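Enquirer: Residues per chain, in single letters:
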Amino acid sequence: MSVRVLLFWLSMTIAASAQSFAGLGEGADGFALPKRGTAFEFPRDYGAHPEYRIEWWYVTANLTGTDGREYGVQWTLFRSARAPRIGGWRSPQTWMGHTALTTPEAHFAAERFARGGIGQAGAAADPFDAWIDDWSLTSQGSGYDGLRMKARTAEFAFELDLTAEGPMVFHGDNGFSVKSAEGQASYYFSQPFYAVSGAIQTPNGQMDVTGHAWLDREYSSQPLGRTQSGWDWFALTFESGHRLMTFALRDSQNAAFSSGSWISPDGTFTSISDGSITATPLRTSTVNGREVPTEWRLEYPARSVDITVSAINPQAWNDLAFSYWEGPVRATGTHIGKGYLEMTGYE
Amino acid sequence: MTKTALFALLSHWRSQPLQFAALLLGLAAATALWTGVQAINSEARKSYDRAAQALGQGTEVRLVSVDGGGIHRETFAVLRRAGWQVSPVVEGTFQTGAFQVQVRGVDPFTLPPSAASPDLLDQGRLARFLDGELILTHADVVPGLTALGLSAEIVPNVPAGQAMMDITAAWDVLETSNFSYLILTETRTNGLPALADLVPQLERITHEPEGDIAQLTQSFHLNLTAFGLLSFAVGLFIVHASIGLAFEQRRGMFRTLRALGLSAGRLTALLAVETLLLATLAGALGIGLGYLIATALLPGVAATLDGLYGASVAGSLTLDPTWVASGFVITFAGAAAASAQSLYRVATLPILAPAKPRAWAMASSKARPRQAVFGALLMLVSLGIAAFGSGLVAGFLMLGALLFGAALLLPSALNATLRLLSPFVRGPVFEWALADTRQQLPGLSLALMALMLALATNIGVGTMVSSFRLTFTGWLDQRLASEVYVTAENSAQAQDVHRFLDDQADATLPIRATSTPLMDQPGQIFGVVDHQTYRDGWPLLTSSNSPWEAVAQGSGVLINEQLWRRTDLILGADLELLPGWVLPVVGVYSDYGNPKAQAIVAQSDLLGRVQGGISTLGYAARTGRPSELRDGLITLGVPAGNIRNQAQVKAFSLNVFDRTFLVTGALNLLTLGVAAFAILAALTTLATMRLPQLAPVWAMGITRAQLARIELLRSALFAALTFVFALPLGLALAYALLAVVNVQAFGWRLPMHTFPLDWLRLLILAILAALIAASFPALRLARLAPSRLLKVFADER
Amino acid sequence: MCMGCVWVVHHMCPAIFVWRENRKPGVRALYAGRNPVTSCHMLLTVRDIIKTFPGDPPHPVLRGVSLDLAAGETLALTGESGSGKSTLLHIIGGLEAPDAGQVTLGGASLAGLSDTALAQIRRCKIGIVFQQFNLIPSLTIAANLSFHARLAGREDAGWSAQIASELGLSDVLHRYPEQLSGGQQQRVAIGRAIAARPSLILADEPTGNLDEDSADSALKLLTNLTKEVNCALLMVTHSPTRAATMDRTIHLSKGHFA
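Residue numbers (my numbering), protein chains in the order written: chain A, 1 to 347; chain B, 1 to 797; chain C, 1 to 258.
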């Protein structure tokens with residue numbers, strides 16, 4: 001999913017060649033390619049896959065403070081490789097961390113970079129531990145069931161405990177998720193059932209919070225189609241206990257490619273095929289000098305979903321080296337709920 | 001009418017090509033020297049700006065190894081994971097053959113954003129940088145890197161002589177594997193685990209960029225600017241003389257033009273336009289010449305600034321509109337200043353004023369007493385500034401007043417001398433020649449003033465440089481008593497080196513240093529152990545009794561001359577070295593070539609007070625076998641670049657020194673050349689005006705050849721006399737440079753030595769220059785057709 | 001004095017040697033006495049002088065002119081402006097060479113003489129008085145008066161003083177030419193020529209720049225003094241009145257004597 005697209009910051013030059021080998025088991029540059037029908041293996045697949053070009057651990061959390069106000073937290077670790085190897089200081093693996101905290105009035109974001117192989121950043125499978133500098137996502141039990149998520153910047157900090165209250169979800173065809181009509185794909189699974197408790201710290205002080213969180217795991221070696229210009233991604237948790245994940249890849253030449261998953265409270269889910277869900281911008285906000293749609297209408301007739309999704313803080317712009325909009329949203333209409341919206345390509 | 005008149009005015013130059021050349025070249029030479037200096041200064045300033053940007057503007061907080069050695073690379077992840085945002089840097093010099101480059105290895109992932117951080121966001125640049133395929137450099141090291149098969153990219157914010165690359169690439173180049181230091185990129189560290197617990201071998205320091213280079217070098221540039229101005233002034237004397245003569249020679253034409261109905265205002269305006277045209281032409285020529293001069297001198301200046309201040313300046317010049325514009329401005333200003341008097345005279349000229357060129361010379365001779373009074377006043381002003389003024393600007397003002405005062409006094413002084421000489425001259429020819437020489441003085445005085453200024457500058461600067469060099473070489477001999485100097489990489493290696501030297505060398509002198517402000521100036525404290533070497537040779541300017549004993553006992557501190565002069569610390573005065581550590585000053589040592597304040601204390605005290613801040617782990621070793629010692633140290637693992645032998649250091653220091661003054665030497669010679677040209681121009685112009693004086697003498701039986709020889713002799717006499725007056729002036733200048741300007745600019749005062757052989761050489765040079773300048777007019781006179789002389793008798797009928 | 005200066009002085013100043021040569025006893029002896037030229041009947045012989053000034057067309061100035069002048073004789077040379085009077089005077093004085101013809105002074109021909117030899121003859125045998133006086137402005141009147149005599153190596157303080165006195169210049173000896181009137185300056189010029197005891201004085205319109213009174217007195221002094229020292233005088237003038245005061249007058253017209 002998502003901003004992660006931008007991770008091709010390191011592999012742009014080889015993107016074209018990689019694309020021509022799409023569909024083969026292995027790229028000419030030695031990277032492994034996702035194959036339909038591959039079974040996941042845990043705990044191995046909790047950790048990093050250096051043989052794939054890109055990979056991420058992506059947590060978004062909708063929180064409510066003891067003051068009754070709504071907060072959002074993002075914790076992301078990206079991995080990108082120039083070659084499918086590991087190694088010390090000369091490792092071709094590079095890491096990028098993004099973290100953000102959103103309040104109804106303010107939005108803070110920070111980033112970290114690291115080269116692989118020197119211990120500054122990494123993702124170990126067992127026990128699971130992903131980190132960059134002093135930001136970490138660490139298993140407190142078995143695998144992804146219980147996690148402690150920490151980050152600290154000069155402006156804000158948080159330390160949250162995530163407890164899974166449902167099973168992991170393997171999107172697409174058992175985790176094989178197609179990303180374009182041309183067939184680019186990735187391995188994609190999630191843990192959308194986290195209950196969260198902990199504390200956040202803003203310049204205004206510390207606040208105890210509770211809420212729910214959503215973890216996305218994705219890895220691949222294939223970039224997006226060259227004409228795909230950006231991406232609108234929704235991950236919503238409804239009061240009914242259902243979850244909806246949907247994304248639309250905007251295309252400069254073709255119709256947008258959309259996909260997603262409808263997840264029942266028990267973890268069973270339905271893949272949403274291209275074109276069966278529509279996302280329509282209702283209102284834009286001027287964010288950091290650009291117009292960004294911060295209110296959407298989502299229509300998913302198959303499940304009678306017709307909701308308005310609006311940003312809790314329209315100014316949730318991650319003004320980082322790779323900038324995008326990412327923040328907590330509220331859903332109203334046929335379904336009531338909360339979630340996260342990410343929008344890229346509005347630079 | 002206007003156009004016709006302008007053509008008539010300009011036609012003068014066709015009939016007087018030499019005068020035209022004198023005017024044009026004089027103005028061009030003046031502009032050239034000025035522009036050249038400006039170009040050098042502006043290039044240097046640009047380099048400083050780049051350097052300042054690269055250093056990230058201002059101070060940088062660093063973590064350095066407590067023992068002064070390298071930092072192990074495992075510490076990096078430890079610190080990062082603990083939340084300490086650090087970025088590793090490895091620095092070193094890579095040298096192969098004559099090629100040398102300052103290598104700076106960085107980690108692009110953690111390097112804080114500043115003007116110096118590499119722009120790696122473009123396609124694939126980061127990947128190439130990480131793979132060591134992209135090296136960002138200054139243009140001056142590109143050829144060297146290319147020769148080594150490395151692909152370098154020129155980027156504007158890398159300082160001269162530097163190459164920036166990924167830390168892993170730098171490790172390969174420098175053959176090392178650790179960090180020189182870590183930059184702390186986020187200094188808000190409350191809440192983080194204590195540094196002492198995490199990495200006890202590291203400490204946090206605030207790194208001051210190498211002084212404020214612009215400020216340090218300011219005085220050097222002021223020096224250059226002063227030279228440029230002086231050269232410009234010498235050039236202006238020529239221009240003034242040429243314009244004045246041209247105006248006087250055209251009096252007849254002015255009279256005719258006025259009689260034909262051209263108003264005085266229009267005529268003046270036309271002459272101003274003419275001056276403007278000439279200035280434009282000369283300005284363009286001068287700026288071109290200035291560019292050439294600057295191109296030729298810049299590498300020397302760059303070497304100087306690097307050697308003296310550690311300021312990197314690009315060795316190549318870019319054409320900058322600023323100094324091109326400043327060149328034109330000063331050309332126009334100079335031409336305006338030089339022609340103002342003449343223009344005024346034309347504007348106020350009565351229509352029927354006599355067209356007698358000689359009248360001008362006579363009028364000038366009447367101005368002599370006025371000039372002399374003004375000159376004497378300027379000398380008094382100069383004395384006054386010397387007595388009461390302080391600071392570099394006052395020093396230069398004093399010099400300016402002294403030089404111009406002396407220049408204005410010169411005609412009167414020469415006149416008086418010639419008058420004094422007359423009783424000693426025998427024979428009518430020489431009596432006449434002498435009397436005639438006095439007669440010629442007004443016409444030549446401007447050129448002679450130029451010559452005197454050039455000679456005085458030559459003597460003054462020459463004396464300063466030679467005094468400095470003499471003192472400097474002696475000082476080097478004393479200061480560099482030890483044969484081998486080693487710097488250890490870390491404390492472990494330091495112990496090895498110490499053991500090795502104790503075993504192999506005749507004596508081992510460990511040196512430890514820390515950087516700390518002294519009296520609010522960037523400074524260093526050196527800790528030494530007591531040794532006879534220091535007592536024997538260390539160059540002390542002043543000291544109490546047995547200063548080295550006091551230092552050894554921890555009851556005194558030695559300070560360098562720079563600190564002494566800048567702060568007026570006296571012997572016995574207390575100096576606070578570190579908070580709570582105060583010692584009395586027991587001696588002052590000379591420390592040429594170092595811009596910083598410095599103090600020497602007992603090593604054990606220094607180590608006791610500064611546990612973690614030692615930045616130098618040095619050893620000086622006395623030995624009779626320096627090369628064997630060196631080989632042994634290399635075997636021990638000390639990088640070859642950390643070992644220097646005495647001869648190497650001396651050669652390097654003297655080389656830096658000589659290059660420092662190459663620039664002033666070159667400017668000196670150019671100025672002298674300009675002055676010689678002034679004489680040529682003046683004599684050539686005077687030659688035509690002098691026929692009425694020569695014709696009767698010729699008619700009375702003196703051959704043209706004799707007259708020509710007298711001209712030569714006269715010129716030589718003028719040069720010699722001018723030299724006589726220039727000598728004390730030059731020595732005064734040297735004194736001012738050594739005792740005022742140097743102290744202000746560099747912080748050290750030098751004893752003045754005199755070099756009579758140099759004077760003799762200069763005297764001969766001056767006479768030769770004058771003879772060469774006079775030989776052309778003399779030759780013309782010797783070959784003059786008698787009819788030209790006879791015309792004198794006919795013309796006046 | 002440093003070695004360099006000695007070198008410069010000896011190699012670059014041959015004028016010193018020229019001056020020394022002038023002081024050779026032989027030269028002095030040759031011209032010693034009140035009238036050094038006695039060996040020949042005619043002091044000056046001019047024969048068939050031809051001079052053409054170059055130009056387009058060339059301008060013939062003298063077309064075969066001859067004259068003789070005895071010691072102590074005074075001769076006026078008259079003629080229209082541009083008749084060639086001054087040119088003839090210059091040729092006789094060795095200041096200019098004729099295209100053809102011969103000038104013999106004191107028995108010696110000027111033809112083919114070097115620049116130096118001609119200069120020596122001008123120095124020792126000829127005195128010249130110019131219309132513009134051409135005094136040396138940088139020297140005092142006293143120095144101007146004795147200048148030529150000293151050049152000729154015949155300085156004689158008593159003689160100079162006598163001349164100064166006769167010319168009425170005793171009071172202004174310490175002054176400079178520019179401080180004197182035109183008449184006074186011309187008297188100095190006359191005195192300068194006489195003081196050198198030349199055998200021949202050439203005067204080119206010596207009174208041309210003076211008012212009548214001054215001119216009369218100056219001319220009187222000139223003729224008197226030349227007679228006194230037994231010197232020949234050749235004076236160019238366009239004034240018949242002045243010419244009449246001379247022993248002889250010859251008139252030059254279109255390059256020939258009339």
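Because the hints were derived from the structure by calculation, they are not lab data. Bear in mind that the values here come from a model prediction, so they are computed numbers and not experimental data. One or more hints might be untrue.
Looking from chain B toward chain A, a few residues come up when the C-beta cut is under 7 angstroms (computed) [said to hold, decoys possible]:
id	residue
1	ALA77
2	ARG80
3	PHE109
4	PRO112
5	ARG125
6	THR168
7	ALA272
Footprint (simulated), chain C over chain B, 3 or more residues, beta carbon under 8 angstroms [stated by the list, open to error]:
id	stretch
8	494 to 508
9	629 to 635
10	753 to 760
Don't be surprised by glycine CBs; every beta carbon is placed ideally from N, CA and C.
Enquirer: Return the numbers of the hints above that this structure violates; sort them in rising order.
Expert: 4, 5, 7, 8, 9 and 10
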